[in-house]
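Novice: Taken in order, these protein sequences are the chains called A and B.
Counting from 0, one number per residue, gives the positions in the first sequence under numbering that gives the first Met the number 0.
Counting from 0, one number per residue, gives the positions in the second sequence under numbering that gives the first Met the number 0.
Among the hints, erroneous ones may be present.
Each pair may be met inside one copy or between any two copies, as identical chains are not told apart.
Straight-line C-alpha distance at most 35 Å; calculated DSBU-like pairs for lysine-lysine [claimed, not checked]:
| # | residue 1 | residue 2 |
| --- | --- | --- |
| 1 | LYS151 | LYS80 |
| 2 | LYS1 | LYS25 |
| 3 | LYS85 | LYS1 |
| 4 | LYS57 | LYS161 |
| 5 | LYS80 | LYS57 |
Don't read these hints as lab results, they were simulated from the structure.
Everything numeric in this text was worked out from a predicted model, so none of it was measured.
Protein chains: 2
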Amino acid sequence: MKKNLGATNALYPMPIVVVGTEVNGKANYNAIAHVGIIDHKTLSISMGKIHYSNQGIKEHKTLSINITAEDMVEEMDHVGKVSGAKEDKSQIFNSVYGELKGAPMIENAPVSMECEVIDIYDQPEFDVFIVKVVNTYADEAVLTDGKIDFAKVKPVLFDMPKFGYWKLGPRAERK
Amino acid sequence: MKKNLGATNALYPMPIVVVGTEVNGKANYNAIAHVGIIDHKTLSISMGKIHYSNQGIKEHKTLSINITAEDMVEEMDHVGKVSGAKEDKSQIFNSVYGELKGAPMIENAPVSMECEVIDIYDQPEFDVFIVKVVNTYADEAVLTDGKIDFAKVKPVLFDMPKFGYWKLGPRAERK
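Let the hints inform the model, and build the full structure from the sequences given.
Specialist: Written as structure tokens, this is what we have:
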């Protein structure tokens with residue numbers, strides 16, 4: 000028996016990532032699950048206009064996307080709850096840089112992508128940053144045959160209805 | 000030690016959903032993992048322009064998004080691999096309709112959303128359908144305290160690097 004819940008977003012669980020930016024000359028991090036895939040190398044990162052990170056992204060036209068591993072959940076949760084306007088979050092993670100300015104990456108994240116912002120899909124309350132992946136850095140420990148192996152990454156997923164985090168389970172095999 | 004994999008999309012695993020459309024008067028289904036969240040009630044569904052479904056979506060300006068449960072993985076995999084131009088996929092699932100024309104939903108999916116297309120974010124090879132959720136139907140068996148409980152939904156996730164499906168694991172608690 001189905002129940003109509005009205006207009007409820009049920010597109011979960013989603014990977015929750017830590018977005019790295021540089022605001023007022025300092026690294027800043029925020030946790031975002033309102034993400035998406037536009038095409039094979041183009042992603043979307045939707046961030047409320049109220050966020051502190053957005054001004055840094057607009058200034059540098061770059062950001063990093065760091066996949067959250069299970070052992071980073073506490074720091075990820077923290078940077079998602081406290082605004083950079085109230086707290087200097089530059090020391091929560093060790094930052095490393097690739098070839099793009101303004102896109103600090105988390106040293107101990109299993110996988111990080113440095114990205115260029117190619118467009119903003121403007122919504123009333125959200126800046127939806129449309130980004131091209133420029134480089135993807137993966138810890139060799141999470142690769143199998145040269146490819147990212149999510150069983151080794153141990154990513155964290157998020158769902159809004161229960162507002163919680165999830166681990167990845169085993170492979171879902173066909174019958 | 001990090002390795003630079005070049006411009007590789009590592010934003011996975013993503014929920015893989017079955018998109019319901021009506022093409023040439025018949026229900027049609029396709030499996031899509033290039034999805035995203037734009038804002039709380041707005042989603043993105045990116046579909047290669049080559050797909051048969053796209054013409055139905057453009058005609059009706061509607062579609063459904065059906066969350067894939069573990070026990071639907073075989074059918075989901077099938078509708079994702081075979082084009083509606085080559086096979087009539089209208090009988091793979093039992094279809095039910097809500098209030099929108101052109102948006103058949105899968106009767107035994109644990110959760111289905113019927114959606115209106117409000118925009119197409121046009122990419123060279125992809126139609127990125129920007130959709131508003133109109134109604135969300137959930138099986139009462141997957142609700143806890145009236146909210147969708149993904150431990151009961153048992154959704155299927157997808158990753159491109161290993162091209163496989165995953166089950167959801169347990170909650171990731173903070174330390």
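Novice: Work down the list of hints and note, for each, if the structure agrees.
Specialist: Status of the hints after comparison with the structure:
1. In this homomeric assembly, LYS151 and LYS80 come within 35 Å of each other (Cα to Cα) both inside a single copy, at 27 Å, and across copies, at 27 Å.
2. With identical chains, the CA atoms of LYS1 and LYS25 are at most 35 Å apart between copies only, with a shortest distance of 23 Å across copies and 49 Å within one.
3. In this assembly of identical chains, LYS85 and LYS1 lie within 35 Å of each other by CA distance solely across copies; the values are 32 Å between and 44 Å within a copy.
4. Taking the shortest Cα distances, LYS57 and LYS161 sit within 35 Å of each other both inside one copy (32 Å) and across copies (34 Å).
5. Taking identical chains as interchangeable, the C-alpha atoms of LYS80 and LYS57 lie at most 35 Å apart only when both belong to the same chain, with a minimum of 21 Å there against 39 Å between chains.
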